[in-house]
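> Let the hints inform the model, and build the full structure from the sequences given.
These protein sequence lines map, in sequence, to chains U and R.
Last residue of the first sequence? That's 122 in this note's numbering, and every number before it is there in order.
Last residue of the second sequence? That's 108 in this note's numbering, and every number before it is there in order.
Some hints here could point you the wrong way.
What the hints assert, rightly or not - Derived contacts from chain R toward chain U, CB cut-off under 8 Å, selection only: (1) L32; (2) P38; (3) G41; (4) F87; (5) A100; (6) G101.
To be clear, the hints were calculated from the coordinates, so they are not data collected in a lab.
On a predicted model such as this, the values are computed, not experimentally measured, just so you know.
Even for Gly, the Cβ is constructed at its ideal location relative to N, Cα and C.
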Amino acid sequence: KAGVTQTPRYLIKTRGQQVTLSCSPISGHRSVSWYQQTPGQGLQFLFEYFSETQRNKGNFPGRFSGRQFSNSRSEMNVSTLELGDSALYLCASSPRTGRLLSNQPQHFGDGTRLSIL
Amino acid sequence: DQQVKQNSPSLSVQEGRISILNCDYTNSMFDYFLWYKKYPAEGPTFLISISSIKDKNEDGRFTVFLNKSAKHLSLHIVPSQPGDSAVYFCAAKGNNDMRFGAGTRLTVKP
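This is the structure in structure tokens:
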């Protein structure tokens, strides 16, 4: 069974640009969550999607957005990139949830490392 | 605000000895706790979890202890192996929220 797949693995952008990251969950998983990891900050929750709807959102500005498709694949978009957006962006999937993160472990992808110059 | 804290950024242990990783939380609404392990260039891997109705959960060499009154959980690894060297994250869930600690880098020396 294939794991969570994130593309691209590495990305370099400049300030002011926008970026779209992609996540394909484990087959059969319907919930996809996105996280940002920066040095010393741990993992910070961005948002969660289930059945093509954003169910929960973390404390990030509106420049961060996402969507989920009918096949559960998800994309995350960051507009007007800032230097502080440089981070590892992780996607995680779990089988089901109607509310955020039911008591089932999430399975993480290897992340997209975004560097802003 | 850091609702989940891992106060030790690093820990070094000799092979065969016990590794104890600690985690504190502040939000009493958290009712499910998890530990993840992360190797460089890979995503976190789920290790073990515990519900707030329990105070201990064991899986092989890994045991998680939960002290609700102290809002503290710990992960014990016995015996520690060099392959356990990684960054360990604790996470807490509850009330439609999920928070991670900043991680503790464990080094197990042969």
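> Run every hint past the structure and note whether it holds.
Checked hints:
Checking L32 (chain R) against chain U by beta carbon gives a least distance of about 6 Å; that is within 8 Å, so the hint holds. For P38 (chain R), the suggested interface contact is broken, since its CB lies about 10 Å from the closest CB of chain U, more than 8 Å. About 3 Å separates the beta-carbon of G41 (chain R) from the nearest beta-carbon of chain U, less than 8 Å, and the hint is met. Of the supplied interface hints, the one on F87 (chain R) holds, with its beta-carbon coming within about 6 Å of a beta-carbon of chain U, less than 8 Å.
At a threshold of 8 Å, the smallest CB-CB gap from A100 (chain R) to chain U is about 4 Å, leaving the interface hint in force. The interface hint given for G101 (chain R) holds, since its Cβ lies 6 Å from the closest Cβ of chain U, which is under the 8 Å cut-off.
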